[in-house]
Amino acid sequence: MDYRRFNDTIVLRIDRGEEIVETLKAVAEREHVRLAEISALGATDDFTVGVYDLAAKRYDSKTFTGPHEIVSLTGTVTEKDGAFYQHLHLSAGNRDCAVVGGHLNRAVVSVTCEMVIRVIPGAVDRRPDPETGINLMRF
Amino acid sequence: MDYRRFNDTIVLRIDRGEEIVETLKAVAEREHVRLAEISALGATDDFTVGVYDLAAKRYDSKTFTGPHEIVSLTGTVTEKDGAFYQHLHLSAGNRDCAVVGGHLNRAVVSVTCEMVIRVIPGAVDRRPDPETGINLMRF
Amino acid sequence: MDYRRFNDTIVLRIDRGEEIVETLKAVAEREHVRLAEISALGATDDFTVGVYDLAAKRYDSKTFTGPHEIVSLTGTVTEKDGAFYQHLHLSAGNRDCAVVGGHLNRAVVSVTCEMVIRVIPGAVDRRPDPETGINLMRF
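Residue numbers (my numbering), protein chains in the order written: chain A, 1208 to 1346; chain B, 1208 to 1346; chain C, 1208 to 1346.
Derived from the structure by calculation, the hints contain no laboratory data.
A hint or two may mislead.
No distinction is drawn between identical chains; accordingly, a pair holds when it is met within one copy or between any pair of copies.
In silico lysine to any residue, SDA-like type, Cα no more than 20 Å apart, as pairs [claimed, not checked]:
1. K1232 with E1286
2. K1264 with E1229
3. K1287 with P1274
4. K1264 with P1274
5. K1269 with A1305
6. K1264 with G1289
7. K1269 with D1303
8. K1287 with T1270
9. K1287 with F1213
10. K1264 with G1224
11. K1264 with N1301
12. K1269 with R1302
13. K1269 with V1228
14. K1287 with G1224
15. K1287 with R1211
16. K1264 with D1222
17. K1287 with Y1210
18. K1264 with R1223
19. K1287 with E1238
Extracted from the complex, chain A is given alone in its bound form (with noise of 0.2 Å):
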């Protein structure tokens, strides 16, 4: 992993082996990013992906293996009682080009990975909202 910072700005590269989230949590906390608009794209060989179940007020987890391009990988940087908080969904294209994804648990990168994270000057919190179990942001 490398990355540089110009203004507000970060770019990230994430290297074959890193795991995603991890790598954009270590970055984020080294650079004080409080609040973030988060794009990268890059190759994953083994990555899980959930839908979140309502009634059940938890995620639905796929893992998949196998070469894919991450086609989409958007999400924020917020905080939850002051720590860093991150929300991600990814897709990602097989061998076939066929797409799967959504919300991001982990993904290994095969190839490379290429993120920009857009600091924005503020901060927004997070608070447990009992209706859907999620952690909504709070302004």
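On the provided structure of chain A, position chains B and C as indicated by the hints.
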């Protein structure tokens, strides 16, 4: 729905039961947004997306229901005849994480939707294009 | 094709029959863009995307035709040996709204394409990486 503006960036939370296209319009008009780039993630259980049929000059649209994670929602805010105009595309993964998507007509939020509206200083107009039947951006 | 620049943001319209990768290159070179984040939506009826085969160190690419809505087109502009370098991934939905995608080789616009180029102040270089066979970002 609730939001907060940080300089050129509006961070918007759209809540369960609210429709995304209408909500973006309401916020953009209230905040006098003339030109912006849109990105969002979230969940929807009722949305209509379409593919443009150039020969017929209309969108063929399909409605999908059941739990879906929005894996990409991108687009632009511009103007047409001095009024708000949005152009959004959405893709979303279902319970099997299979992804469907297209031109967004409407999407009802099932859990939450987190949208980042990046306001661009300026304005871009639209004019109908007879060849394609689409309102194209004019500079 | 036509575009306008608003401070650090270029809003670009790519027209029916024009190829996206070539058009971005032409605009970025004319505007002296060294580092940027790319996002676009639109429609294509002829595009080639691939998945990287790490063992063979090459992309396995497929070409798709027929009406498709571009639901995500993300990437970076950087430099290699002082020259323009782009890395783009695309996903698109067909008539059934099924989404395919991968590393973008080429895409011909069928209706319109609306691209936002966010110029980042600075520059990032690329160097070939023997392990992956990819030109990786260097800071």
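We went through each hint and held it up to the structure:
no., hint, result
1, K1232 with E1286, "within (12 Å within a copy, 27 Å between copies)"
2, K1264 with E1229, "neither (24 Å within a copy, 27 Å between copies)"
3, K1287 with P1274, "neither (34 Å within a copy, 26 Å between copies)"
4, K1264 with P1274, "between (31 Å within a copy, 12 Å between copies)"
5, K1269 with A1305, "both (16 Å within a copy, 11 Å between copies)"
6, K1264 with G1289, "neither (24 Å within a copy, 44 Å between copies)"
7, K1269 with D1303, "both (19 Å within a copy, 8 Å between copies)"
8, K1287 with T1270, "neither (27 Å within a copy, 35 Å between copies)"
9, K1287 with F1213, "between (26 Å within a copy, 19 Å between copies)"
10, K1264 with G1224, "between (31 Å within a copy, 17 Å between copies)"
11, K1264 with N1301, "between (29 Å within a copy, 16 Å between copies)"
12, K1269 with R1302, "both (18 Å within a copy, 9 Å between copies)"
13, K1269 with V1228, "within (16 Å within a copy, 30 Å between copies)"
14, K1287 with G1224, "neither (29 Å within a copy, 24 Å between copies)"
15, K1287 with R1211, "between (26 Å within a copy, 17 Å between copies)"
16, K1264 with D1222, "between (34 Å within a copy, 16 Å between copies)"
17, K1287 with Y1210, "between (25 Å within a copy, 17 Å between copies)"
18, K1264 with R1223, "between (33 Å within a copy, 14 Å between copies)"
19, K1287 with E1238, "within (17 Å within a copy, 27 Å between copies)"
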